[in-house]
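In order, the protein sequences belong to chains A and B.
Reminder that position 96 of the first sequence reads as 96 in my numbering, one-by-one numbering, no gaps.
Reminder that position 160 of the second sequence reads as 274 in my numbering, one-by-one numbering, no gaps.
In short, the hints are calculated from the structure, not lab data.
Glycine included, C-beta positions come from ideal geometry on N, C-alpha and C.
Heads up, some of the hints might be wrong.
List time: in silico EDC-like cross-link candidates among lysine to aspartate or glutamate, alpha-carbon distance up to 16 angstroms [to be verified]:
| id | chain 1 | residue 1 | chain 2 | residue 2 |
| --- | --- | --- | --- | --- |
| 1 | B | Lys118 | A | Asp110 |
| 2 | B | Lys262 | A | Glu84 |
| 3 | B | Lys116 | A | Asp110 |
| 4 | B | Lys116 | A | Glu84 |
| 5 | A | Lys25 | A | Glu66 |
Non-contacting residues of chain B with respect to chain A, defined by C-beta distances greater than 10 angstroms in every case (computed) [said to hold, decoys possible]:
| id | residue |
| --- | --- |
| 6 | Leu137 |
| 7 | Ala165 |
| 8 | Asp320 |
Take a look, some chain A residues computed to stay more than 12 angstroms from chain B by CB distance [to be verified]:
| id | residue |
| --- | --- |
| 9 | Ala7 |
| 10 | Ile45 |
| 11 | Ile51 |
| 12 | Asn89 |
| 13 | Ser96 |
| 14 | Ile100 |
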Amino acid sequence: MHELSIAQNVLDIVSEQCTRSGHTKIDSVNLRIGRASGIMPDALIFAFNAIKPDSIARDALLNIEEVPVTGLCNDCASSFIVQEEYILNCPVCKGSSFQITSGRELDIIDMEVS
Amino acid sequence: MKVKVVTRILEANERIALENRRLFDNAGLYVINLMSGPGAGKTSVLEKTLALKTGLRIGVIEGDIAGSDDAERIEKHGAPVIQINTGGACHLDANMIYEVLQDLPLQDLDLLFIENVGNLVCPAEFKVGEDIKVMVLSIAEGHDKPLKYPLMFQESSALLLNKIDLAPYLDVDMNKIKKDALSLNPDLKIFEVSCKTGEGLSAWTDWLKEKALRS
Chain A
1 MHELSIAQNV LDIVSEQCTR SGHTKIDSVN LRIGRASGIM PDALIFAFNA
51 IKPDSIARDA LLNIEEVPVT GLCNDCASSF IVQEEYILNC PVCKGSSFQI
101 TSGRELDIID MEVS
Chain B
115 MKVKVVTRIL EANERIALEN RRLFDNAGLY VINLMSGPGA GKTSVLEKTL
165 ALKTGLRIGV IEGDIAGSDD AERIEKHGAP VIQINTGGAC HLDANMIYEV
215 LQDLPLQDLD LLFIENVGNL VCPAEFKVGE DIKVMVLSIA EGHDKPLKYP
265 LMFQESSALL LNKIDLAPYL DVDMNKIKKD ALSLNPDLKI FEVSCKTGEG
315 LSAWTDWLKE KALRS
């Protein structure tokens with residue numbers, strides 16, 4: 001739902017870093033997005049493509065690596081990986097007390113510039 | 115050539131949220147991010163909270179896509195209020211709050227409510243510098259909401275279950291709402307209230323006073 005403002009943040013961050021490193025064109029940008037981050041990768045790519053034409057990222061490809069949700073159960077001490085976007089219970093013991101250890105990432109990793 | 119970036123996309127928001135938090139702490143101000151879907155009764159909860167004369171000096175920031183109806187309602191209770199129109203954005207972010215803070219008498223307040231845009235999805239994703247998040251769910255929205263919108267329930271410290279006066283007219287299972295909400299968040303404090311009849315509101319304001327004065 002807020003992919004457009006996230007896309008604008010990405011464009012601002014990479015444009016500034018590209019200019020600061022003395023380059024004039026961004027060829028690709030690599031992101032890491034957790035499945036529980038509330039962001040839909042397709043919608044983010046759509047939004048990024050919509051706002052990039054007037055920028056130094058006009059030809060840039062946005063690549064997204066999705067990170068699965070992993071957690072650690074406080075009750076049974078299991079580490080787990082799930083494919084769902086949100087977890088309601090520990091998949092092993094069904095307990096509701098757990099910590100999310102990955103899956104909420106919203107990171108820019110690197111970019112190709114020329 | 116490859117350039118390392120390694121930046122958290124929401125880092126800018128979190129940096130400003132921390133700055134807001136510093137300003138709140140300096141003013142000795144307790145801050146609540148109030149969230150719900152549209153029409154659950156956030157503004158009514160605030161009106162009732164102000165009318166109950168808690169002894170707390172309360173300020174309000176109203177977030178809406180458009181319009182100033184909510185700010186006008188709050189102003190009638192004599193509380194300092196600022197309206198933010200997001201012009202389409204589905205949530206308030208830290209910068210929107212930072213921009214209006216100079217228009218509020220922070221030093222003269224004990225408690226600040228930030229009434230977020232009515233939406234069960236995005237408000238829980240963006241920190242604004244609050245101490246806690248509180249959500250309102252009206253029972254008319256149905257008992258399926260906790261499991262459909264888990265993040266809101268997981269992030270909140272308290273849930274106001276509003277419009278309980280409507281229970282006789284609705285096919286809604288209040289126990290299921292409470293059970294599912296607590297399974298998502300065992301520490302969630304639940305208040306059953308009716309802004310129409312006033313039922314349950316004093317338990318809420320007592321809890322609020324304890325939170326705000328302890329900060």
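Status of Asn89 of chain A, Cβ more than 12 angstroms from any chain B Cβ: 7 angstroms, violated
Least C-beta distance between Ile51 of chain A and chain B, which was stated to exceed 12 angstroms: 14 angstroms, holds
Lys25 of chain A paired with Glu66 of chain A [C-alpha distance capped at 16 angstroms]: 25 angstroms, violated
Proposed proximity, Glu84 of chain A with Lys116 of chain B (alpha carbon, max 16 angstroms): 33 angstroms, violated
Minimum Cβ distance from Ala7 of chain A to chain B greater than 12 angstroms, as the annotation requires: Given that some Cβ of chain B is not farther than 12 angstroms from that of Ala7 of chain A, nearest at about 9 angstroms, it is violated.
Check on Ile45 of chain A being off the interface with chain B, judged by Cβ distance over 12 angstroms: 14 angstroms, holds
Non-interface claim for Leu137 of chain B versus chain A (Cβ beyond 10 angstroms): About 23 angstroms separates Leu137 of chain B from the closest Cβ of chain A, which puts it past 10 angstroms; holds.
Whether Ser96 of chain A stays farther than 12 angstroms from all C-beta atoms of chain B, as the label says: Non-interface label fails for Ser96 of chain A: nearest chain B Cβ at 5 angstroms, not farther than 12 angstroms.
Distance rule for Asp320 of chain B, whose beta carbon must clear each one in chain A by more than 10 angstroms: 27 angstroms, holds
Non-interface label on Ile100 of chain A, tested against every C-beta of chain B at 12 angstroms: 10 angstroms, violated
Status of Ala165 of chain B, Cβ more than 10 angstroms from any chain A Cβ: 34 angstroms, holds
Restraint status (C-alpha distance of Lys116 of chain B to Asp110 of chain A at most 16 angstroms): Within the cut-off at roughly 7 angstroms; holds.
In summary, the numbered hints that this structure violates are 4, 5, 9, 12, 13, 14.
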